[in-house]
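Modelling step: build the complete structure from the supplied sequences, incorporating the hints.
Here numbering that gives the first Met the number 0 is used: the first residue of the sequence shown is 0, the next is one more, and so on.
If you are wondering where the hints come from, they were derived from the structure by calculation, not from laboratory data.
Just so it is clear, CB atoms sit at the ideal spot from N, CA and C, and this is done for glycine as well.
Keep in mind that the hints are not guaranteed to be accurate.
Unchecked claim - DEER-style ranges, computed between Cβ atoms: (1) Asp32 x Lys84: 34 to 42 Å; (2) Asn65 x Asn11: 22 to 30 Å; (3) Ser43 x Asn65: 14 to 22 Å; (4) Ser62 x Lys84: 29 to 37 Å; (5) Lys16 x Asn40: 16 to 24 Å.
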Amino acid sequence: MKKPKQKTKTNNIENIKTKVYNFKTKYKEGFIDSELKKLLNNYSDIDMDKFNDAMMGNTSILSDNNDIIYYHCDIFNALLCGIQKRNLTVSEWD
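Take a look at the structure:
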């Protein structure tokens, strides 16, 4: 019997990136709150303090319908921080 292929750190990062950038959103620019909540439901062990810290101060868009839209890249970076239980690195700031 074959041993299951072990996921590598890179593979997990790519899976997260794919999930974020291919997530069906109302706006092409990014996520609204309800969509972000759905996405976060996929990550039960996420450190929400680290996620929220990484989201602090991010630029967002206000739609014509008064929806706040969070960019994909900011969600991706915040997810990595929450999953890996760490702060943003200097290179992740935009």
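Now the hints, each set against the structure:
no.	hint	in the structure
1	Asp32 x Lys84: 34 to 42 Å	violated, 23 Å
2	Asn65 x Asn11: 22 to 30 Å	violated, 35 Å
3	Ser43 x Asn65: 14 to 22 Å	violated, 31 Å
4	Ser62 x Lys84: 29 to 37 Å	holds, 32 Å
5	Lys16 x Asn40: 16 to 24 Å	holds, 18 Å
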